Amino acid sequence: MEQIWEIVIAFFLIVSGVFGFVGSFGMIKLKDPMSRLHAPTKATTLGVGGVLIASILHSLTLEDHISLHELLITLFLFLTAPVTALFIAKWHIHRHETPETLPPTGGDGRWATHAVAPDNDTPEHTAN
1 MEQIWEIVIA FFLIVSGVFG FVGSFGMIKL KDPMSRLHAP TKATTLGVGG VLIASILHSL
61 TLEDHISLHE LLITLFLFLT APVTALFIAK WHIHRHETPE TLPPTGGDGR WATHAVAPDN
121 DTPEHTAN
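So the sequence shown is numbered by full-length UniProt numbering: it starts at 1 and just counts up by one.
In short, the hints are calculated from the structure, not lab data. In this text the structure is predicted, and so the values were computed from the model without any measurement. Glycine included, C-beta positions come from ideal geometry on N, C-alpha and C. Watch out, some of these pointers could steer you wrong.
What the hints assert, rightly or not - Each pair of labels, with its calculated beta carbon distance range: (1) Ala-89 with Gln-3: 42 to 48 Å; (2) Arg-95 with Ile-66: 44 to 50 Å; (3) Glu-6 with His-96: 47 to 53 Å; (4) Ile-88 with Glu-63: 36 to 42 Å; (5) Thr-98 with Glu-6: 53 to 59 Å; (6) Ile-4 with His-69: 21 to 27 Å; (7) Val-8 with Thr-74: 15 to 21 Å; (8) Asp-64 with Trp-91: 45 to 51 Å; (9) Ile-66 with His-94: 41 to 47 Å; (10) Leu-68 with Lys-42: 21 to 27 Å; (11) Arg-95 with Ile-14: 34 to 40 Å; (12) Val-8 with Lys-42: 19 to 25 Å; (13) Thr-84 with Ile-14: 24 to 30 Å.
Claimed, not checked - Pairs of lysine-lysine, DSS-like flavour, derived with a Cα cap of 30 Å: (14) Lys-29 with Lys-42; (15) Lys-90 with Lys-29; (16) Lys-31 with Lys-90; (17) Lys-42 with Lys-90; (18) Lys-31 with Lys-42.
Let's have the full structure, built from the sequences with the hints guiding it.
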């Protein structure tokens, strides 16, 4: 039975290594900074998740104890990766784009990052 668990743990480690490689390769090969942002936030998060699942299985099946460190790492990872991606995307838009070069919004005509009201005018979304 122990060998079956070792095979399952090895499977999760191999799959997570593949996801980590794909995320790293995508970061190198993709040309646009916004596309480069997508590769590590999705693929590498899945890669780290696979390592954490393998670690949880190892501690439960082979060492006969429960380790909650992996759950805390998973929670931290899933909370911080999207926020980091958002900040990098906002930086890119502010640094490299103007309201004229952004695609149409389809709403009020403004992107949230460039929602600067003209002089003597208030944005539609604020109360007076």
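- Message: Going through the numbered hints above, which ones does this structure break? Give me the numbers in ascending order.
- Response: none
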